[in-house]
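Add chain S to chain A, keeping to what the hints say.
Those protein sequences? They're chains A and S, same order as listed.
Residue 38 in this note's numbering sits at position 38 of the first sequence, with consecutive numbering throughout.
Residue 63 in this note's numbering sits at position 63 of the second sequence, with consecutive numbering throughout.
Hints in this document: simulated from the structure, not taken from any laboratory.
Given the structure is predicted, the values throughout are model-derived calculations rather than measurements.
Do not rely on the hints blindly, as some may be mistaken.
[Unchecked claim] One side of the interface only, derived from the structure: several residues of chain S facing chain A at Cβ under 8 Å:
(1) Glu220
(2) Pro224
(3) Arg232
(4) Gly234
(5) Arg236
(6) Thr261
(7) Val308
(8) Pro315
(9) Val352
[What the hints assert, rightly or not] Simulated restraints, written as ranges between beta carbons of each label pair:
(10) S:Pro209 <-> A:Ser208: 33 to 41 Å
(11) S:Pro178 <-> A:Ala211: 17 to 25 Å
(12) S:Gly81 <-> A:Ala205: 51 to 59 Å
(13) A:Gln206 <-> S:Arg128: 54 to 62 Å
(14) S:Thr372 <-> A:Ser127: 32 to 40 Å
(15) A:Asp126 <-> S:Glu279: 28 to 36 Å
(16) A:Ser208 <-> S:Gly312: 23 to 31 Å
(17) S:Asp265 <-> A:Ser150: 23 to 31 Å
(18) A:Gly207 <-> S:Ala358: 34 to 42 Å
(19) S:Leu88 <-> A:Ser208: 56 to 64 Å
(20) S:Gly312 <-> A:Arg146: 33 to 41 Å
(21) S:Gly290 <-> A:Asp124: 36 to 44 Å
Glycine is no exception: its CB is placed at the ideal position from the N, C-alpha and C atoms.
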Amino acid sequence: MKPVLIASLLAVFLTACSSVKLDSASVEDKSGNLVGKAADASATAAAAAAAAARAGGAAGGTGSAGGTAGGTGSAAGARGAGGAGGAGAGLPDPATKSAVAQVETTKKPAGPDLQSSPKVVYFDYDSYAIKPEFQAVVEVHARLLRADKSRRVALEGHTDARGGREYNLALGQRRAEAVRSAMSLLGVPDSQVEAVSFGMEKPAAQGSDEASFARNRRVEINYR
Amino acid sequence: MKPRPILDHYKLLRFVLTGLVLVVTGAVNAQFRVDVAGVGMRQLPIAVAPFRGEDGSPQKLASIVQANLERSGQFVGLPVGGVVLYELSRPDFTSWRQKGADSLLTGSVTSLIDGRFDVRFRLWDAVRGQDLGGQSYAVTAPDLRLVSHRISDFVYEKLTGEKGIFSTRIAYVTRSGPRYQLWVADADGENAQSALSSAEPIISPAWSPDGAQLAYVSFESRKPVVYTHDVRSGKRRLLANFRGSNSAPAWSADGQTLAMTLSRDGSSQLFALSVAGGEPRRLGEPGLSGSIDTEPTYSPDGKLIYFVSDRGGGPQIYKMATTGGPADRVTFSGSYNISPAISPDGRSLAYVARANGAFRVNVMDLANGSTTVLTETTSDESPSFSPNGRLIIYATQLDGREALMTVTLDGRIKTKLNGQSGDIREPHWGPFQKQHF
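In isolation and in its complexed conformation, chain A is listed as follows:
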């Protein structure tokens, strides 16, 4: 009777501990900011290191960006690990079974708005060809990038909402790569440009009509 009671009190106590942990385990993720700001070529050594890691194609997990991500998570990790192992005698172990610590990310601040010229290239359905009417958009930004080698730009590909998320991510990437490749032909070094994709995740228009779909099939040129 007594050991059981002690074990159960221990279990109750640990349960209480772990619920506190759950509440307090939200972690502000700084890695997003770090990666996002890296392209601003800001003066901090960390940002410069992250940019170098990215430009060099080094593994995120081993580079400085990865190290930072691990660091921000570790506080929650240390707190969450404590609850295990207390419940014996066939009793439940709440920390082991159902504890989930929430992590919260922070939003990256918007990049500097350098240009007033159009920054979006639209595409036809199932196509990644840059239409002649958008060639001028690409050329304007190619000129700006060539004129200032310190400028960095993200080419963000998007698709409409039809189809799978991952396949659309790849299709958006293909559109972003098409713009990157066009800029490359216009003399912009690849080091100033990163082609990435949001797939169907960030629609510009919410409707499910053709007009909305057409506004969503796009590459956004975002200065960082």
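Only chain S this time, still in chain A's reference frame:
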């Protein structure tokens, strides 16, 4: 064994059971609905009596058990009326047989002085009048749902001979306004706990084989990168943040490697990365630059990787050896087949096929290539097998909202999981977990 405190008051829970079963669970206003559409063959009729004392507990255990069993497609719950039974009752088998019950579950839940609950149950074969066994648990209130799932697993295994999946967990993503959240929930969608909250999208969560970690794609740094995330501690690791997009993580069976899609060389190609990080290794043949390869998934034996490629024009599912070599095309009908998932026995492929503009979950028998369309909805996504291979969870659109459903492999029984309000998407079914009690 502890002496059982005497129960002075408890009320009998009354159920209303109609053709459509509406189950309302307890004190926290958590609601879920089991919509069983279609008529299954050879469903086992079971009577689940309200657990004695469950009105005084935070969870209605019998309701949770019955909903679980019905969602499996292999059971039909029978109305039990106002009977008062518990695990020590000797049921009147003749009367239960007359009501059509093959089996009967009885139990009780009792408050202990330390605040925990003592839960006991007994399963009966009503046809033979045999005791099929029972168990008892002493648990805290938050674990009463888990106990209900364990009891469901016991009943399922006793009566079908296969392991139940009711105490496993699922991961999914919700979007509510500008907020994206990654959740870990019970297999019925309930008891969800938030693992990650972000202002940017989260997609493609994937459970590690031991159920301890999730890999996923996060856009929090204004581009897709792959994290691994220990769900218990919240500790996460930025695994892939290469130039371009990083997406579609999939764990190898031994949990040591993740396959994923990287666009660092221009087009979307498959790579394998050690879970510890390091340099990615290209999967598949070089020389197919320009075409998209994505959505890799390992076969359970670890020998094959199934994936999506548009090398032949539109997206189709292919397979290749993990060790390298040429890829073989797997899907041939239709012009758009994506999101492969392989059953735990390696025999079935679930995927999303587009036909006449509708995206539906299909299942292919890999031995002979025959396919079955499992749904009638039009925007299905992300199919994933339950660890016993009997159910597929998937995301779809119902009445203009994103929702999660489960379906049996014959397509007969579909259930909507109503664990969360708002748009629910990107489900992934976790593995069997170790029993802790």
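Hint-by-hint comparison with the structure:
no. : hint                              : in the structure
1   : Glu220                            : holds (4 Å)
2   : Pro224                            : holds (6 Å)
3   : Arg232                            : holds (5 Å)
4   : Gly234                            : holds (3 Å)
5   : Arg236                            : holds (5 Å)
6   : Thr261                            : holds (7 Å)
7   : Val308                            : holds (6 Å)
8   : Pro315                            : holds (6 Å)
9   : Val352                            : holds (6 Å)
10  : S:Pro209 <-> A:Ser208: 33 to 41 Å : holds (38 Å)
11  : S:Pro178 <-> A:Ala211: 17 to 25 Å : holds (24 Å)
12  : S:Gly81 <-> A:Ala205: 51 to 59 Å  : holds (55 Å)
13  : A:Gln206 <-> S:Arg128: 54 to 62 Å : holds (59 Å)
14  : S:Thr372 <-> A:Ser127: 32 to 40 Å : holds (33 Å)
15  : A:Asp126 <-> S:Glu279: 28 to 36 Å : holds (34 Å)
16  : A:Ser208 <-> S:Gly312: 23 to 31 Å : holds (29 Å)
17  : S:Asp265 <-> A:Ser150: 23 to 31 Å : holds (26 Å)
18  : A:Gly207 <-> S:Ala358: 34 to 42 Å : violated (19 Å)
19  : S:Leu88 <-> A:Ser208: 56 to 64 Å  : holds (58 Å)
20  : S:Gly312 <-> A:Arg146: 33 to 41 Å : holds (39 Å)
21  : S:Gly290 <-> A:Asp124: 36 to 44 Å : violated (18 Å)
Checked against the numbered hints given earlier, the structure breaks hints 18, 21 and satisfies all the rest.
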